[in-house]
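Student: Top line first, the protein sequences correspond to chains A and B.
Anchor point for the first sequence: position 344 equals 389 in our numbering, and the numbering is continuous, going up by one each time.
Anchor point for the second sequence: position 80 equals 114 in our numbering, and the numbering is continuous, going up by one each time.
Some hints could be false.
Calculated pairs, BS3-like style, for lysine-lysine (alpha carbon to alpha carbon, straight line, at most 27 Å) [stated by the list, open to error]: (1) K351(A) - K389(A); (2) K351(A) - K68(B); (3) K168(A) - K99(A); (4) K42(B) - K168(A); (5) K99(A) - K42(B); (6) K99(A) - K87(A); (7) K111(A) - K99(A); (8) K87(B) - K105(B); (9) K182(B) - K176(A); (10) K182(B) - K111(A); (11) K95(B) - K68(B); (12) K262(A) - K389(A); (13) K145(A) - K111(A); (14) K90(A) - K42(B); (15) K145(A) - K168(A); (16) K105(B) - K68(B); (17) K87(B) - K68(B); (18) K182(B) - K168(A); (19) K176(A) - K111(A); (20) K275(A) - K389(A); (21) K99(A) - K145(A); (22) K105(B) - K275(A); (23) K176(A) - K145(A); (24) K145(A) - K182(B); (25) K42(B) - K87(B); (26) K351(A) - K262(A); (27) K95(B) - K145(A); (28) K145(A) - K42(B); (29) K111(A) - K168(A).
It should be emphasised that the hints constitute simulated quantities derived from the structure, not laboratory data.
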Amino acid sequence: MIMEAPVASDGVTSTGYRETVKIPDRLLRRDQDRLEEAVRRKEAKENLSVSEEKIDHFSSAFNTEKTVIEELLSVCSEADRDQLSRVLEEVTSRIQQLQKFLNDSTVFLTQYELRQAQASLQKLQCGLEEKRDEFIPKKKFAFRSRNIGANMSKVIKPIRDQPASSDSGSSDGNLGVVSVVYAEQCGFSNAHSQVLTKEADEIQQRDVLLSHLTNCKVRLLGSPSTLHIKHVRDSEILCGPVSSSVFVDQCTGCTLAVPCQQLRTHNTTDTQVYLHVTSRAIIEDCTGVGFAPFTWSYDGIDADFKLAGLDFERNNWNQVDDFNWLAAGTPSPNWTVIPALERKCTWE
Amino acid sequence: MGLLTILKKMKHKEREMRLLMLGLDNAGKTTILKKFNGEDVSTISPTLGFNIKTLEHRGFKLNIWDVGGQKSLRSYWRNYFESTDGLVWVVDSADRLRLEDCRQELSSLLLEERLAGATLLVFANKQDLPGALSKDGIREALALDSIKTHHWCIIGCSAVTGENLLPGVDWLLDDIGARIFTAD
Numbered sequence: 046m047i048m049e050a051p052v053a054s055d056g057v058t059s060t061g062y063r064e065t066v067k068i069p070d071r072l073l074r075r076d077q078d079r080l081e082e083a084v085r086r087k088e089a090k091e092n093l094s095v096s097e098e099k100i101d102h103f104s105s106a107f108n109t110e111k112t113v114i115e116e117l118l119s120v121c122s123e124a125d126r127d128q129l130s131r132v133l134e135e136v137t138s139r140i141q142q143l144q145k146f147l148n149d150s151t152v153f154l155t156q157y158e159l160r161q162a163q164a165s166l167q168k169l170q171c172g173l174e175e176k177r178d179e180f181i182p183k184k185k186f187a188f189r190s191r192n193i194g195a196n197m198s199k200v201i202k203p204i205r206d207q208p209a210s211s212d213s214g215s216s217d218g219n220l221g222v223v224s225v226v227y228a229e230q231c232g233f234s235n236a237h238s239q240v241l242t243k244e245a246d247e248i249q250q251r252d253v254l255l256s257h258l259t260n261c262k263v264r265l266l267g268s269p270s271t272l273h274i275k276h277v278r279d280s281e282i283l284c285g286p287v288s289s290s291v292f293v294d295q296c297t298g299c300t301l302a303v304p305c306q307q308l309r310t311h312n313t314t315d316t317q318v319y320l321h322v323t324s325r326a327i328i329e330d331c332t333g334v335g336f337a338p339f340t341w342s343y344d345g346i347d348a349d350f351k352l353a354g355l356d357f358e359r360n361n362w363n364q365v366d367d368f369n370w371l372a373a374g375t376p377s378p379n380w381t382v383i384p385a386l387e388r389k390c391t392w393e
Numbered sequence: 035m036g037l038l039t040i041l042k043k044m045k046h047k048e049r050e051m052r053l054l055m056l057g058l059d060n061a062g063k064t065t066i067l068k069k070f071n072g073e074d075v076s077t078i079s080p081t082l083g084f085n086i087k088t089l090e091h092r093g094f095k096l097n098i099w100d101v102g103g104q105k106s107l108r109s110y111w112r113n114y115f116e117s118t119d120g121l122v123w124v125v126d127s128a129d130r131l132r133l134e135d136c137r138q139e140l141s142s143l144l145l146e147e148r149l150a151g152a153t154l155l156v157f158a159n160k161q162d163l164p165g166a167l168s169k170d171g172i173r174e175a176l177a178l179d180s181i182k183t184h185h186w187c188i189i190g191c192s193a194v195t196g197e198n199l200l201p202g203v204d205w206l207l208d209d210i211g212a213r214i215f216t217a218d
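Using the sequences and the hints given, assemble the complete structure.
Tutor: Below, the structure is given as structure tokens:
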């Protein structure tokens, strides 16, 4: 006990001493904190007023500009066409500037103000468009002459005078529309039990359409750029190398033989395809489609392969994607590989 | 500072954009993506599912989603709508028969709430084909002028030659940038 006392008292004194030193220190620090806090508050207050000022400045500037634009729009009249287009141009650029101003100001604007400003901008834009529609008729063909597609279609116009084989023989009410749509294409339509042949010069690098054929034999001895086969029943279609895609839609009971880059088969049933495809074949909404490698040939097919840009060595005829069968692992029931013994090997 | 502002600032820091590329099958979506990325376009096959590419352009990080356009895949498109900054609608300008389909699919997309804030870029693709409809023809066929809900722009292009792909994407970046990445 005696031994502990001095230690304890010693401890007390020493802490007592230390505290006397520490108290003013702590006070000083607290004072310092208080001062800093005051400065901070003051700054915060100033910031607030700055942002208020910013908002004030924004809304006044925005509204002034808005009024100017509205006035410009309201004085638009048909009287002077030259001046009118100048005014509209100015309005356009002013609206753009205003939009930019708004974009730059989004940092300090509240959601409400932002929405309001955006709405009035939209209104101005609509006003401008109305005026434009009212006074300046749409230049529908203004850019046509510069357009490559339009130019090319002009170039090949003479060819389109040959109509697809028996277009005229149809009682289809939509024929007018359809023949306009197919104006750029060639091919055969609406035929029954016939042998139909096209030579290279007619189809080379063109869009070929075969539609509404029944019980026909079709030979296309050349290299089309695209081949469409639609609504064909119980027919045999043999075609040279197609440089892009072959589309097969709504076909039943057909035999097709064609080399191509892609094959896209839709809504087709019980059809055999002797295929050379450099990328892939797909089927969608199909059943009973059989695939085998392409075996047909004609004089000059090698040159046509080159012309079509197809690799003779690469043939993915048995890699078929069924878009209705997305389960990996189990094979699609909608297509099969035609067994080697059942494949057709002679073509007339 | 609202949540939106915070989100904007976060995006700003990353300078990241999410672009969703849609359109009917055979429109050329994958070809555009690959061409833009400088890859070989001759072996492309119809997209079963989707492709995603992240690439840098003008200091932006672009996440481009290319989703297959076959009829059976279109019902999956909505799985990709979330937080899309830009919608790229690709049109086969030579496929005149399906322009009406194309118009319908686009207009139903534009009603989607989750795409409400997205900028729309329409690529009138395959302008290199002789039968292709012009940019203005496509604009009319798709009734683009009636779109008031989105910023939009149509650009005639060819994915095979690469023509006009860059101007299209640049416009899209400018428009999205003006919206999200406001000046500090």
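Student: Next step is simple, just say for each hint if it's right about the structure.
Tutor: Checked hints:
Restraint check for K351(A) and K389(A): satisfied, since their Cα atoms lie roughly 25 Å apart, inside the 27 Å limit. Note on K351(A) and K68(B): the hinted pairing holds, with a Cα-Cα distance of about 24 Å set against a maximum of 27 Å. Proximity of K168(A) to K99(A) is assessed by CA-CA distance (about 24 Å); at most 27 Å being required, the pair is judged to hold. For the hint linking K42(B) to K168(A), the alpha-carbon distance of about 25 Å falls within 27 Å, and the restraint holds.
At most 27 Å may separate the alpha-carbon atoms for a hinted pair to count; K99(A) and K42(B) meet this at roughly 20 Å. For the hint linking K99(A) to K87(A), the alpha-carbon distance of about 18 Å falls within 27 Å, and the restraint holds. This hinted pair checks out: K111(A) and K99(A) have alpha carbons roughly 18 Å apart, not beyond 27 Å. Taken as a hint, the K87(B) and K105(B) pair is honoured in the structure, with Cα atoms around 23 Å apart against an allowance of 27 Å.
Of the pairs offered as hints, the one joining K182(B) and K176(A) holds, with about 16 Å between alpha carbons and a cut-off of 27 Å not exceeded. The straight-line distance between the Cα atoms of K182(B) and K111(A) is roughly 20 Å, inside the 27 Å bound, and the hint therefore holds. Restraint check: the Cα-Cα separation between K95(B) and K68(B) comes to about 16 Å, which is no more than 27 Å; the hinted pair holds. Annotation: proposed proximity of K262(A) to K389(A) holds, straight-line Cα distance about 15 Å (limit 27 Å).
Between K145(A) and K111(A), the direct Cα distance comes to roughly 13 Å. Compliance with the 27 Å bound is thereby established for this hinted pair. This hinted pair checks out: K90(A) and K42(B) have alpha carbons roughly 26 Å apart, not beyond 27 Å. For a cut-off of 27 Å, the pair hint linking K145(A) to K168(A) stands: about 16 Å separates their Cα positions. Pair hint K105(B) plus K68(B) holds up; C-alpha atoms about 22 Å apart against a cutoff of 27 Å.
For the hint linking K87(B) to K68(B), the alpha-carbon distance of about 9 Å falls within 27 Å, and the restraint holds. Under the criterion of a C-alpha separation no larger than 27 Å, the hint pairing K182(B) with K168(A) is consistent with the structure, at around 11 Å. Note on K176(A) and K111(A): the hinted pairing holds, with a Cα-Cα distance of about 16 Å set against a maximum of 27 Å. Simply put, K275(A) and K389(A) have alpha-carbon atoms about 23 Å apart, close enough for the 27 Å limit, and the pair holds.
At roughly 16 Å between alpha-carbon atoms, K99(A) and K145(A) fall within 27 Å of each other, so this suggested pair holds. This hinted pair checks out: K105(B) and K275(A) have alpha carbons roughly 17 Å apart, not beyond 27 Å. Taking the CA atoms of K176(A) and K145(A), the gap is about 23 Å. The hint holds against a cut of 27 Å. For the hint linking K145(A) to K182(B), the alpha-carbon distance of about 20 Å falls within 27 Å, and the restraint holds.
For the hint linking K42(B) to K87(B), the alpha-carbon distance of about 23 Å falls within 27 Å, and the restraint holds. Between the alpha carbons of K351(A) and K262(A) the distance comes to roughly 26 Å, so the proposed pair stays at or under 27 Å and holds. The suggested pairing of K95(B) with K145(A) holds, with an alpha-carbon distance near 23 Å, which does not exceed 27 Å. Our distance criterion of 27 Å between C-alpha atoms is met by K145(A) and K42(B), whose separation comes to about 17 Å.
Between K111(A) and K168(A), the direct Cα distance comes to roughly 10 Å. Compliance with the 27 Å bound is thereby established for this hinted pair.
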